[in-house]
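Peer 1: Residue numbers (the working numbering), protein chains in the order written: chain W, 9 to 159; chain Z, 9 to 159; chain R, 9 to 159.
Calculated directly from the structure, the hints in this document are not laboratory data. Think of the CB as a built atom: it goes at the ideal place given N, C-alpha and C, for glycine as much as any other residue. Some hints could be false.
What the hints assert, rightly or not - Simulated pairs of lysine-lysine, DSBU-like, Cα-Cα distance not exceeding 30 Å:
| hint | chain 1 | residue 1 | chain 2 | residue 2 |
| --- | --- | --- | --- | --- |
| 1 | W | 35 | W | 24 |
| 2 | Z | 51 | Z | 65 |
| 3 | R | 24 | Z | 24 |
| 4 | Z | 35 | Z | 24 |
| 5 | R | 24 | Z | 51 |
| 6 | R | 35 | R | 24 |
| 7 | R | 35 | W | 35 |
| 8 | W | 51 | Z | 65 |
| 9 | R | 65 | W | 65 |
| 10 | Z | 51 | Z | 35 |
| 11 | W | 35 | W | 51 |
| 12 | W | 51 | W | 65 |
| 13 | Z | 24 | R | 35 |
| 14 | Z | 65 | W | 24 |
| 15 | W | 35 | R | 65 |
| 16 | R | 51 | R | 65 |
| 17 | Z | 35 | W | 24 |
| 18 | R | 24 | W | 24 |
| 19 | R | 51 | R | 35 |
| 20 | Z | 65 | W | 65 |
| 21 | Z | 65 | R | 24 |
| 22 | R | 24 | W | 65 |
| 23 | Z | 51 | R | 35 |
| 24 | W | 35 | Z | 35 |
As the list claims (entries may be wrong) - Distance ranges between label pairs, derived from CB positions:
| hint | chain 1 | residue 1 | chain 2 | residue 2 | range |
| --- | --- | --- | --- | --- | --- |
| 25 | R | 79 | W | 117 | 46 to 54 Å |
| 26 | Z | 113 | W | 120 | 31 to 39 Å |
| 27 | R | 113 | W | 60 | 43 to 51 Å |
| 28 | R | 137 | Z | 113 | 22 to 30 Å |
| 29 | W | 128 | Z | 49 | 40 to 48 Å |
| 30 | W | 44 | R | 105 | 26 to 34 Å |
As the list claims (entries may be wrong) - To give an idea of the interface, some chain Z residues facing chain W are shown, with a C-beta separation under 7 Å as derived from the structure:
| hint | residue |
| --- | --- |
| 31 | 15 |
| 32 | 34 |
| 33 | 37 |
| 34 | 57 |
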Amino acid sequence: MAMHSMLSYDNPLFGKFAFYSGVVIGKTLLMSALTVRQRLTYKIFANPEDVEGLGGKEPTVSDQRVERVRRCHQNDIENVLPFVLVGSFYIVTDPDPWWATLLFRVFALSRCLHTVCYMVPIPQPSRFMSCLTGWGITAFMAVAVIRAGRP
Amino acid sequence: MAMHSMLSYDNPLFGKFAFYSGVVIGKTLLMSALTVRQRLTYKIFANPEDVEGLGGKEPTVSDQRVERVRRCHQNDIENVLPFVLVGSFYIVTDPDPWWATLLFRVFALSRCLHTVCYMVPIPQPSRFMSCLTGWGITAFMAVAVIRAGRP
Amino acid sequence: MAMHSMLSYDNPLFGKFAFYSGVVIGKTLLMSALTVRQRLTYKIFANPEDVEGLGGKEPTVSDQRVERVRRCHQNDIENVLPFVLVGSFYIVTDPDPWWATLLFRVFALSRCLHTVCYMVPIPQPSRFMSCLTGWGITAFMAVAVIRAGRP
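One chain only, chain W, in its complex shape (with noise of 0.2 Å):
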């Protein structure tokens, strides 16, 4: 019987997959922060009452200064939350921590990238590459996790 939890600190695998959870999160949250100082440099909102009180012309949703930042942010939204959901019922899965912690650190690194190839832009195929890359981790972890708790 297990007489401490997998997902606490008392298992070092959880404090590493908590280090790089919070990293790829807060990764995500700068891309809010970006959003905002895009909109208030160019005078761009999707509201009017934005317009209103901010300045700018008509909304828009269609600016690709804003909407760049945008999707950016939504691929972190469609890869980086499934990531931190699945790999938590993964670490109690007991996994090599060797190999997990690799995972999680390639995976933070590849959302890195993403981001940095989306927001220069480098040419691609580096940031399909790198959205590959996470993809795959969190899809490994994802079968990992249903081979281990198939009823």
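With chain W's structure known, arrange chains Z and R on it following the hints.
Peer 2: Chains Z and R alone, transformed into the frame defined by chain W:
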């Protein structure tokens, strides 16, 4: 005093929840793959550097062969991720295992049906009903969590 | 050695976190219901099969009576889900319960205010300030989690 965590495989309900969560998050991840397939097949991209590197006409976010998949993906984001989050709290409330397992199974089934309804597409209100089923299960669990934890 | 998990109702802070998480995720779920109400009231749909089955004109994703609700929902997705994920790690770091409870309460309040500001709408910068408050709390917790778990 609980000698083991509710959030471990010592709790049979956790294993079931992890399994069905893995299934629905895995299904959500597949929407990214389907979006990529549509983009590459029809050469529909949202960014100039994608068109440059991978071919196609002007960047666009209004081609329905891609946008339909993206809307289905977004519906997963809006329903699957809250289910996994709320469900994690719900199993800690120590619910009746038979009932909880039924909820998890019906949720997973309803989300798979939702995707089939959206992608075929099957006439309404089939997609609406499958979405409503999953939504109702998450809402039910949210109420249970709120009642269990109210200060 | 901890004899019980931080992620159980044995930990009073967990109960509070579960309660406020249930509230903000429940609020997020209500945005789906509000979107459906707007779509059915004004007969505004995004897919041809919806128009066919439920009436209305051409499919569109630019009617502001629907899009405004969807933007508010998206803002919840971008802020509420990261809060619940980061908060789950944060309570495992064993924070001061009084301070942590305050953060959870202010977050829940700020998100409810955000929705009110968006739906009325109330002139800016009210919506911006309510969003910033919640964002700052999640960012604060993310930093605490990163600091607690750094390898």
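Peer 1: Has the given pair, residue 51 (chain R) with residue 35 (chain R), been kept, meaning a C-alpha gap of at most 30 Å?
Peer 2: 24 Å, holds
Peer 1: For the pair we were handed, residue 51 (chain W) and residue 65 (chain Z), check the Cα-Cα distance against 30 Å.
Peer 2: 29 Å, holds
Peer 1: Taking the least C-beta to C-beta distance, is residue 15 (chain Z) closer than 7 Å to chain W?
Peer 2: Hint on residue 15 (chain Z): holds, closest Cβ of chain W at ~6 Å, below 7 Å.
Peer 1: For the hint 46 to 54 Å, verify it against the beta carbon of residue 79 (chain R) and that of residue 117 (chain W).
Peer 2: The hint (46 to 54 Å, Cβ to Cβ) is violated, given that residue 79 (chain R) and residue 117 (chain W) are roughly 32 Å apart.
Peer 1: Sort out whether residue 65 (chain W) lies within 30 Å of residue 65 (chain Z), counting only the CA atoms.
Peer 2: 29 Å, holds
Peer 1: Is residue 24 (chain R) within 30 Å of residue 24 (chain Z), Cα to Cα?
Peer 2: Holds, because 26 Å separates the two Cα atoms, which is no more than 30 Å.
Peer 1: Taken at face value, is the distance from the CA of residue 24 (chain W) to the CA of residue 35 (chain Z) at most 30 Å?
Peer 2: 27 Å, holds
Peer 1: Holds or violated: residue 35 (chain W) and residue 65 (chain R), Cα atoms, limit 30 Å.
Peer 2: Violated - the C-alpha atoms of residue 65 (chain R) and residue 35 (chain W) are around 41 Å apart, more than 30 Å.
Peer 1: Taken at face value, is the distance from the CA of residue 24 (chain R) to the CA of residue 35 (chain R) at most 30 Å?
Peer 2: 17 Å, holds
Peer 1: Between the alpha carbons of residue 24 (chain R) and residue 24 (chain W), is the straight-line distance 30 Å or under?
Peer 2: Status holds; Cα separation ~26 Å.
Peer 1: Would you say the C-beta atoms of residue 128 (chain W) and residue 49 (chain Z) sit inside 40 to 48 Å of each other?
Peer 2: Given about 27 Å between the Cβ atoms, the range is violated.
Peer 1: So if I understand the rule, the pair passes when the alpha-carbon distance is 30 Å or less; does residue 35 (chain R) with residue 35 (chain W) pass?
Peer 2: 25 Å, holds
The structure shown violates the earlier hints numbered 5, 14, 15, 21, 22, 23, 25, 27, 28 and 29.
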